[in-house]
Every structure is written in structure tokens, then in C-alpha cells.
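Q: Single-letter residue listing:
2 protein chains.
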Amino acid sequence: MDFKSMIRVIPDFPQPGVSFKDITPLLKDGAAYRAAIDELAERLRPLGPEAVVGPEARGFVIGAPLAYALGVGFVPVRKAGKLPAETVSVEYELEYGYDRLEIHRDALRKGQRVVVADDLLATGGTIRSTIRLVEQLGAHVAASAFLIELTYLEGRAKLAGYHVLSLVQY
Amino acid sequence: MDFKSMIRVIPDFPQPGVSFKDITPLLKDGAAYRAAIDELAERLRPLGPEAVVGPEARGFVIGAPLAYALGVGFVPVRKAGKLPAETVSVEYELEYGYDRLEIHRDALRKGQRVVVADDLLATGGTIRSTIRLVEQLGAHVAASAFLIELTYLEGRAKLAGYHVLSLVQY
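Just so you know, the sequences run in chain order D and E.
With our numbering, the residue at position 20 of the first sequence is 20, and numbering never jumps.
With our numbering, the residue at position 78 of the second sequence is 78, and numbering never jumps.
Watch out, some of these pointers could steer you wrong.
Said to hold, decoys possible - Between beta-carbon pairs, the in silico distance windows are:
no.	chain 1	residue 1	chain 2	residue 2	range
1	D	G138	E	R45	38 to 46 Å
2	E	D38	D	L47	21 to 29 Å
3	D	L94	E	A157	38 to 46 Å
4	D	P14	E	M1	38 to 46 Å
5	D	I10	E	S5	42 to 50 Å
6	E	A80	D	L94	16 to 24 Å
7	D	G81	E	G125	14 to 22 Å
8	E	D99	D	L94	15 to 23 Å
9	E	A160	D	F20	35 to 43 Å
10	D	I10	E	G125	23 to 31 Å
No lab work stands behind these hints, which were simulated from the structure alone.
Using N, Cα and C, we set each Cβ at its ideal position, and we do this for glycine too.
Between the sequences and the hints, there should be enough to build the whole structure, so can you do that?
A: In C-alpha cells form, the structure reads like this:
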């Protein structure tokens, strides 16, 4: 399926110079959405994933149905203060200042094979933080999966040593 | 399946006096997560839903796989400024002040049959705002669906005239 034709490119969002890849036209097309999730699931299944981990909020839109399709659990990674039980956290750098991502300490088992999923791989900062959280819990990152990869931002270089899977490239 | 046994109740989160219903133990159990989504999908299917709409962020964790299971599109409702294309919005009251939810103007067709989904029905404020957005676009709310309903908060009364479906009640 031609997923790229269903992604809307919006110039200067959220700020001047950024060309935003809007996946909502694909999401609202039931057949396309299902085909995208199914294609990711099919390519991930041979790796034997036992859980999908996704960062809020767009990571939930890919990670949650992917977990459902694979028949495994979904583990949310959230901004600081959103998860109610005991967490581990990582700080990550923003353009100005820092932010923090968290995961529940009991979310994954040691050695559990995990897929980290997000809508888009840009510079790789968010997914790198997500991977650090997974590894802090002693789980194993079997692959990272994205709907879109912005190859010119070279996020893949930040994920050296990890299996990287994307459906649409710019 | 006994979904309630997989929901963790956390006292005094996010503030004193609130008893938070943590669904992450259920989400991370692949069989339970799938069974919960499948049960919602099975009960919704006779209503002929053509799209699922969910508010960020926990609404994505239920709404997105529910859309996948039903084979229909998923439409995100987001906080102000997150959606990149033209939106319609509603204001809703918080304990102190106001916040705004948005939906893309082209997200739904007139007359389209929609399920609005969230993890939890409490006082009904968020889902009522989500319904208003759907109806501003001329679409039809066929049902609202939740993993959990806090019956003592009487959110159902705010949804009078709408079909309300929940898997677990407190």
C-alpha cells in the first residue's frame, strides 16, 4: 500500500522551517491504518517480541495497536509525573532545557524481548531515551519500529546496534 | 476475564483523596489487553461504527487498538496546539481555569457513525468535550466506550441520550 500518499506534509509546524509529517489522514483510513500496523507486525514477529513500549502520545497510536496485533502487552512511557506507581526515569535535552520520561519499574521483566515503537524517527532523541528506560529495567530491545523515518536527520545513527524498521522514508 | 483484578488502585494520586485506577498492569498482559479490546469491539460492532475517536493520551491506548480491531479509522482529539492542520476546538473547565481540546476539521464526514473511547469515565467532562467536537463536524456518536466506569461520579448522567459501554465498574 502507498502509505506515503496518505501522509500530509505541513510546512512550518510547529515552528518555522519544520516540515511536519501529519499521519492523521492515514490513521483515519481504516484499511490503511490496519495495513500499516499489520505490515509492522509481520516484519517484527520473526524477532519474537514479548512486549511493545511506546512514548506518549503519538507513540501510543502506533505502539498500542501493534501490541494488540502481536498479541503482547503494551507499556507506556510517559512524561514526568503521569505514571502513578514507582518509576525509573531519564532526562533528555530539548532545544531549551530538559524534560524527563518515565516508565513503571515493574513494567518489564529482565530479559524480556521488547519492541520500542513511535510514529516517527527524527533525530532519535525520544526513542533513545525510551530504549534507555527499557534497558534500565533489564529488558532487551529486539527492534525499534516507526511509521516514518526522516533519513536526512540520521536518527538511525543514534540507534547503531539496534534493529530499525520504518514503513515510509523521507 | 476478570479485568478488575488487573487494575491497580493507587491512593492519593495525582492528589490527596483521589483513588487512581492504574490500567498499566492490564495493558502489559498481552492476553488481557487483547481480551478487553475484543470484548469492547464485539459489543460495539452491531452499532456499525465507522471510526473511533479518542482524547489524548490514555484515550489513544484504548481507542487506537479498538479502531484496529474494528477495522475502522482512528481520529485523535488533542490538547490545544498539537494538531497541525485546521481544527475545531472546545473549551472545558478544570478545577482551576480552562483547557482546550481540538480535532482536525477534516477528520470526520457528516453523518459518519463514531465511537468515542477513553480509558475511564469519571465525571464525564473529557468525553463530553470529545462528543461536542464530533458533533461540531456533523458526525454521529453511535456509542461511548470505556475500560472503567466510576459509577459514583455519575458521568453517565452527563451522557444522557448516548449509548455508554464500560467493562469494569467501581
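Q: Identify every previously stated hint that the structure contradicts and give their numbers, smallest first.
A: Violated: none.
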